[in-house]
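**Student:** Sequence:
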Amino acid sequence: MAPPVRTQLRGNTRMPNRRDMLAACMVVLASASFASQAFATGFSWDGTWSGKAANGRTTVIKISNGKVVSWTSNGSAANIKSSSVTSTKVMIQHAEGARVTLRPRDDGTVSYKWQGNNASSTAILKRR
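All residue numbers for the sequence shown refer to my numbering, where the first residue is 454 and numbers rise by one.
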């Protein structure tokens with residue numbers, strides 16, 4: 454429970470002090486964070502996710518039973534070194550060093566971030 458708001462009297466107007474404003478902001482941010490985590494906890498990754506990245510490449514990632522089954526870029530299979538699936542993100546490590554991170558969005562799509570040795574790209578992927 455948030456502490457009671459203390460006010461300082463300034464003229465005829467009561468105004469909250471900075472500490473009270475900071476406490477109120479922290480409560481709002483904590484509530485928003487909790488709501489986002491609650492959404493991600495119930496998120497199912499299973500399915501085929503696809504979209505076109507900012508670098509122009511078409512990406513398709515298949516996830517089944519909480520495991521990354523395949524990842525293709527422009528129709529070519531990517532060599533997956535390792536992957537992990539949690540309730541809040543999917544991480545994929547390419548055999549040549551690139552990394553992919555997927556995170557759920559409130560609208561049911563996922564954000565895709567590809568990070569290579571000297572380049573990066575992003576996209577919004579949709580479940581097919």
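Fair warning: there could be bad hints in the mix.
[What the hints assert, rightly or not] Below 35 Å or equal to it, Euclidean Cα-Cα: the simulated DSBU-like pairs (lysine-lysine) are:
hint : residue 1 : residue 2
1    : Lys-566   : Lys-542
2    : Lys-542   : Lys-520
3    : Lys-579   : Lys-520
4    : Lys-542   : Lys-579
5    : Lys-520   : Lys-566
6    : Lys-534   : Lys-515
7    : Lys-505   : Lys-534
8    : Lys-505   : Lys-566
9    : Lys-579   : Lys-515
10   : Lys-534   : Lys-566
11   : Lys-566   : Lys-579
12   : Lys-542   : Lys-515
13   : Lys-515   : Lys-505
14   : Lys-515   : Lys-566
I should point out that these hints are in silico values taken from the structure, not numbers from a laboratory.
**Student:** May I ask which of the numbered hints given earlier this structure violates, with the numbers listed in increasing order?
**Tutor:** Of the numbered hints, all hold.
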